[in-house]
Amino acid sequence: MHRIVPLAALLLISSLAFAASDRQSKAQLDALQVGGPTGNAVAIEKAQQGKVQITLQMKGLQPNIDYVARWYDASSCSGTQTTLGSFRSNGQGIGHLVGDASTTLSNVRSIGVAKQSDLINASCGTFAQ
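With mature numbering (1 follows the signal peptide of the UniProt record, and there is no 0) applied, the sequence shown corresponds to residues -19 to -1, 1 to 110, in that order.
To be clear, the hints were calculated from the coordinates, so they are not data collected in a lab. Heads up, the beta-carbon is just placed ideally off N, CA and C, and yes, glycines get one too. Among the hints, a few may not be true.
[To be verified] Using C-beta positions, here's what the derived DEER-type ranges look like:
no., residue 1, residue 2, range
1, 13, 75, 16 to 26 Å
2, 12, 72, 14 to 24 Å
3, 73, 30, 31 to 41 Å
Using the sequences and the accompanying hints, generate a full structural model.
Written as structure tokens, this is what we have:
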């Protein structure tokens, strides 16, 4: 019994230290047109899993519309784009998405949000590196 408690404590401390080592970056998405949607994104590198988890929260979207989020390998939503996922705004124009990118955090430089119907970015944000 006495050996189990220290072992459990060691495992807990190790897992907390590992979780604390995950790198993250944040981006504020600004509207590309007056009155357009704004939001924020957090990208967390999950090195052990070989991916980056991106959490996106948006407001000011057109209500009940399908949107797509794409991440870019360059700042200001330029360069090569990769689709993160799609989401639907609610009746108040709020939407969110949690998606995974099979890459490293240093490759995720910016993120854009567009209506799925036209794929023209309505907002864009650059991740702090």
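For each hint, the structure was consulted:
1. 13 with 75: 16 to 26 Å: holds (19 Å)
2. 12 with 72: 14 to 24 Å: holds (20 Å)
3. 73 with 30: 31 to 41 Å: holds (33 Å)
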